[in-house]
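K.L.:
The sequence shown runs 1317 to 1683 under the working numbering.
The set of hints was computed from the structure by calculation and includes no laboratory data.
Any given hint could turn out to be false.
Below, computed lysine-lysine pairings styled on BS3-like, alpha-carbon distance capped at 25 Å [stated by the list, open to error]:
1) K1579 with K1456
2) K1671 with K1483
3) K1456 with K1331
4) K1326 with K1338
5) K1483 with K1326
6) K1483 with K1329
7) K1483 with K1331
8) K1453 with K1325
9) K1330 with K1483
10) K1456 with K1555
11) K1558 with K1483
12) K1558 with K1671
13) K1325 with K1338
14) K1639 with K1453
15) K1325 with K1483
16) K1579 with K1338
17) K1555 with K1676
18) K1579 with K1558
19) K1555 with K1579
20) K1579 with K1453
Have a look at the derived ranges for each label pair, beta carbon to beta carbon [claimed, not checked]:
21) K1579 with E1383: 19 to 25 Å
22) I1333 with E1677: 43 to 49 Å
23) S1487 with K1555: 27 to 33 Å
24) V1378 with L1645: 53 to 59 Å
25) G1382 with L1328: 38 to 44 Å
Positions of the beta carbon are idealized from the N, C-alpha and C atoms, including for glycine.
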Amino acid sequence: MNRFMESIKKFLKKKDIEISAKRYGIEALGAMAQGLFCTLLIGTILNTLGTQFHIPFLANPVVTIGETPYTVGGLCSAMSGPGMAVAIGYALHCPPLVLFSLITVGFASNGLGGAGGPLAVLIVSILASEVGKAISKETKVDILVTPLVTIGVGVALAYWWAPGLGKIAMSVGQLIMWATELQPFFMGILVSVFTGIALTLPISSAAICAALGLTGLAGGAAVAGCCAQMVGFAVMSFKENKWGGLVSQGIGTSMLQMGNIVKNPRIWLAPIITSAITGPLATCVFHLQMNGTPVSSGMGTCGLVGQIGVYTGWMNDIAAGTKTAVTPLDWVGLFAISFVLPAILCPLLNLLFTKLGWVKEGDLTLS
């Protein structure tokens, strides 16, 4: 038995199959968010630019496939399933034939998963990747066997699991959104804090929000939590990191501070408390809703995707007749929650913790 287990371990090591929370919950999930960004999010941004600035190349269809017209942004969005799957395969170190076969797997998983497609893509692509890696280069006709096995397993699992996984993801997301509407104060705190923490941790808040289809008031609270972390860390560490740190954290990612957080977890208190304040302000005072693509809820100020998502949601609501116009309060709320309050509250809180001796000079310096 021991010899058999040892041979299994050697085989998995040879194939670079690592069954771990880090590989699947951090590396694969983070890569999936990048795949989403390069397809669905970029597509949304291009559509918004084309519509709002009346750019014909972006606003008008460039191709019609099966009687369905697609804009440039529409083509990007249509590739979100394959984009996520290939990104996941890349993170799992898939060999080329497995990686390219995931294009079909991702398309099937996302399509069959419906609105909860990203979760289906994540789980099915991981399993298809590992099976493909296991069979890769084990036969003399690898160019036939590896794609057939990877696609066969992936599409079969997608057909079997994706609809159910999609429903589960949507049910959880709808429960969070329903609870936020029922208890906007307390849920505003919870959603804001946990999404903001996920954004700074080496996991993907964007992928989580996408998988759960998080929009509405809950999406607004998620945007608040992410902005509190990104803008908060950027501004409160300006003395140490200057303009480079302001930009890299403010419109890049607060994940850059993870090394410093490990050294002194107390530097995280100011952004977390800020998110606990801005979250309920977003839900109860400004009634900030994020009705764009769900992935935007977990992006914060990264490339201003969160703010573009909120604006896109406003336009969608106006087009659907559920909103008459964008009001001055809408704009005040968006800028206050996204930029102004985190830039004020976080440094003030950090100053308090500095006076208490919990945070010292150099604790926020990026290497």
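K.L.:
Does each hint hold? Answer for all of them.
P.N.:
Going down the list of hints, with the structure as the test:
no. : hint                         : verdict
1   : K1579 with K1456             : 51 Å, violated
2   : K1671 with K1483             : 49 Å, violated
3   : K1456 with K1331             : 17 Å, holds
4   : K1326 with K1338             : 20 Å, holds
5   : K1483 with K1326             : 38 Å, violated
6   : K1483 with K1329             : 35 Å, violated
7   : K1483 with K1331             : 33 Å, violated
8   : K1453 with K1325             : 18 Å, holds
9   : K1330 with K1483             : 36 Å, violated
10  : K1456 with K1555             : 60 Å, violated
11  : K1558 with K1483             : 46 Å, violated
12  : K1558 with K1671             : 22 Å, holds
13  : K1325 with K1338             : 18 Å, holds
14  : K1639 with K1453             : 57 Å, violated
15  : K1325 with K1483             : 35 Å, violated
16  : K1579 with K1338             : 20 Å, holds
17  : K1555 with K1676             : 12 Å, holds
18  : K1579 with K1558             : 21 Å, holds
19  : K1555 with K1579             : 19 Å, holds
20  : K1579 with K1453             : 44 Å, violated
21  : K1579 with E1383: 19 to 25 Å : 58 Å, violated
22  : I1333 with E1677: 43 to 49 Å : 45 Å, holds
23  : S1487 with K1555: 27 to 33 Å : 46 Å, violated
24  : V1378 with L1645: 53 to 59 Å : 37 Å, violated
25  : G1382 with L1328: 38 to 44 Å : 42 Å, holds
The structure does not agree with the numbered hints 1, 2, 5, 6, 7, 9, 10, 11, 14, 15, 20, 21, 23, 24 stated previously, though it agrees with the rest.
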